[in-house]
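Enquirer: Given the sequences, and given the hints that come with them, work out the whole structure.
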Amino acid sequence: MADLTAERVVGIDVILTTAWTTLILDDDERDYHLFTRYQRHVLLKDILHGLFPNYLQNYNEWGAIDMGFTHRLVCSYIREAKMDLSRLIGLELMRAMRGCMGIEKGYRFYYRIDGKLLRYYPRRSRRYDG
Numbered sequence: 007m008a009d010l011t012a013e014r015v016v017g018i019d020v021i022l023t024t025a026w027t028t029l030i031l032d033d034d035e036r037d038y039h040l041f042t043r044y045q046r047h048v049l050l051k052d053i054l055h056g057l058f059p060n061y062l063q064n065y066n067e068w069g070a071i072d073m074g075f076t077h078r079l080v081c082s083y084i085r086e087a088k089m090d091l092s093r094l095i096g097l098e099l100m101r102a103m104r105g106c107m108g109i110e111k112g113y114r115f116y117y118r119i120d121g122k123l124l125r126y127y128p129r130r131s132r133r134y135d136g
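In the working numbering, the protein residues as written are 7 to 136.
Honestly, the hints are just simulated from the structure, not real lab data.
Wrong hints could be hidden among the right ones.
Unchecked claim - Pair by pair, the computed Cβ-Cβ distance ranges are:
#1 Arg43 with Val16: 24 to 32 Å
#2 Arg118 with His39: 35 to 43 Å
#3 Arg130 with His47: 33 to 41 Å
#4 Arg36 with Tyr127: 37 to 45 Å
#5 Arg36 with Arg132: 36 to 44 Å
#6 Leu123 with His47: 21 to 29 Å
#7 Asp33 with Arg129: 32 to 40 Å
#8 Thr42 with Tyr116: 34 to 42 Å
#9 Tyr38 with Tyr116: 40 to 48 Å
Where a beta carbon is used, it is the ideal one built from N, C-alpha and C, also for glycine.
Expert: Structure, rendered in structure tokens:
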């Protein structure tokens, strides 16, 4: 059985690229695109890079995110952004973090950033009952 408390390593670029690619592919499947070309290739990357440190620092076992911060940051790049667009970007980044890091709900982690790598130790939270 795998040791769930051992140190794990993932590239920060892997997490951000996963979130960015998923948002772009989902947008391509829609009849009405949420992002313009400029927003896709420039602003969306900047938004994800701005959200990642905050999400990493405030990660909790329930997978909740600070939508106020997310919406303010998204609106600083895309003025006409509605709360639904901010929620979509925030949830996709959180999904990419959980997927790439292999952390389920109910876990917290200790981390340190080592260049472009994220080193972390997951631990089961006692506060989570789900």
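Enquirer: None of the hints should be skipped; say for each whether it holds.
Expert: Cross-check of the supplied hints:
no., hint, in the structure
1, Arg43 with Val16: 24 to 32 Å, "holds, 29 Å"
2, Arg118 with His39: 35 to 43 Å, "holds, 38 Å"
3, Arg130 with His47: 33 to 41 Å, "holds, 40 Å"
4, Arg36 with Tyr127: 37 to 45 Å, "holds, 39 Å"
5, Arg36 with Arg132: 36 to 44 Å, "holds, 42 Å"
6, Leu123 with His47: 21 to 29 Å, "holds, 25 Å"
7, Asp33 with Arg129: 32 to 40 Å, "holds, 36 Å"
8, Thr42 with Tyr116: 34 to 42 Å, "holds, 39 Å"
9, Tyr38 with Tyr116: 40 to 48 Å, "holds, 42 Å"
Violation of the numbered hints given earlier is absent; every hint is satisfied by the structure.
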